[in-house]
Amino acid sequence: PPQLRARARERIESRHPGPASAAGSPPLLPAEVATTRLRRIGNSQPATMAEAAGPTPLLHGLPDEISIWEILVRLPPKPLLRCRAVCRAWRRAASARDFLLAHHARQPSLPLLFVDTDDQSSIDIITCDQRAADELHSVARLDAPSGVSLRACCDGLLLLRTWNKGVPSLSICNPVTRQYAPLHRLDDFRLLGMYPHSPTGQYRLLLYLAPRFEDDAQRGSYVFTLGSGQQPRHIAGPDAKELLYFRGSTLFRGSLHWHTDGLIMVFDTTAESFRQMHSPIVSDHRSGDLFETSDMLGMFSLNAQATIVDIWVMQDYEGEVWAFKRRVALPIAEIMVQFQNSGDCWELMPASCHGDVLLLAKFDDDWLLQIGIDGKLVASLHRSFLRPTRLRLKQSLVSHNLFLALEGYVINSSPFI
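The opening residue of the sequence shown carries number 1 in the numbering used here; numbering runs sequentially from there.
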């Protein structure tokens with residue numbers, strides 16, 4: 001159709017400047033650009049996904065710029081993997097690194113949960129997507145005879161803590177590509193956070209070491225580069241031990257954030273240094289946590305009676321200016337009547353939905369409740385042995401080379417089931 005061809009021309013001009021057409025002629029379409037480039041590079045390895053697609057369109061009647069960059073790139077990971085099996089051309093197009101990076105960028109950031117099996121021998125890693133018909137979606141299942149907890153998540157990479165004869169250890173995986181590796185060098189360290197280091201493109205862990213004996217290694221914060229083969233590196237700064245007692249960090253604007261008692265601790269992932277920020281004044285509230293909403297840093301806090309949630313947003317990040325957004329009265333009476341339970345049930349998680357805030361509340365062991373910002377019960381989801389986390393997963397099919405440098409690396413093997 002003319003509209004799609006026009007869109008293809010616009011996208012090709014911005015994305016693939018390519019060879020110029022004759023004076024007065026319209027810009028070359030993607031297939032023509034790919035053909036010209038392939039002639040130019042001969043039998044050499046294609047440099048980009050557009051070159052790898054070849055001159056024959058993937059979908060009859062549609063230029064590849066539409067079928068690839070407007071259709072395939074929007075698919076969830078599992079349907080995209082099925083598309084790879086259609087033919088070799090589809091597999092090449094859907095496996096190129098520039099396409100996979102673009103595909104990852106389009107994936108939603110979803111609340112992450114897990115489910116223990118009846119005999120607690122394995123866990124099911126689950127995302128909650130309010131837009132999907134089946135809101136609780138299984139991403140992967142892991143063998144967990146001694147217990148597993150989800151500790152951190154970044155760009156589709158998931159950091160796990162496992163136990164072997166009561167001794168904790170860390171490991172890393174990509175639940176979509178099913179890559180996994182233990183992190184043997186870190187058995188004596190405690191995790192504070194995980195982040196991408198933008199100057200180098202590396203993924204790093206922020207760790208804390210509290211030596212058991214005075215003559216052991218230096219106490220304090222350390223940085224470990226995944227896949228580097230190097231030992232964790234000590235960094236100067238304030239003692240971050242108190243961060244061990246708070247449930248995870250929030251990565252926002254290139255920094256990790258923790259809401260502590262009366263302030264926010266910030267770790268700049270570029271400079272790899274700590275600083276502090278002001279927290280909104282919240283009185284008579286027993287707990288609070290940070291989250292991202294509409295490109296702003298947000299905070300929610302639950303009062304001591306577990307009946308009221310206050311939501312704040314930081315309107316001016318540099319100036320540390322907070323604004324009160326909403327007070328949400330939880331629908332306690334409605335929930336108690338509907339589920340015939342009067343116990344203390346709340347474990348809250350914020351979830352951005354279409355630019356607004358939706359609260360997820362764990363109720364007993366089997367229910368996940370969705371509560372709107374107006375305080376109304378939106379939906380209830382049932383799953384036995386459901387466990388929420390404060391993490392969010394943005395699924396990725398990108399294969400990271402860091403796994404290859406880790407001892408014990410496996411793919412599509414145990415502990416994946």
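There may be inaccurate statements among the hints.
[As the list claims (entries may be wrong)] Pairs of lysine-lysine residues, derived as DSSO-like cross-links and limited to a Cα-Cα distance of at most 27 Å, are as follows:
hint, residue 1, residue 2
1, 325, 362
2, 376, 362
3, 325, 376
4, 325, 78
5, 362, 394
6, 165, 78
Read the hints as simulated data drawn from the structure, not as lab findings.
Please read all numbers here as calculations on a predicted model, not as lab measurements.
Hint check:
| no. | hint | in the structure |
| --- | --- | --- |
| 1 | 325 x 362 | 23 Å, holds |
| 2 | 376 x 362 | 15 Å, holds |
| 3 | 325 x 376 | 17 Å, holds |
| 4 | 325 x 78 | 37 Å, violated |
| 5 | 362 x 394 | 21 Å, holds |
| 6 | 165 x 78 | 35 Å, violated |
The structure shown violates the earlier hints numbered 4 and 6.
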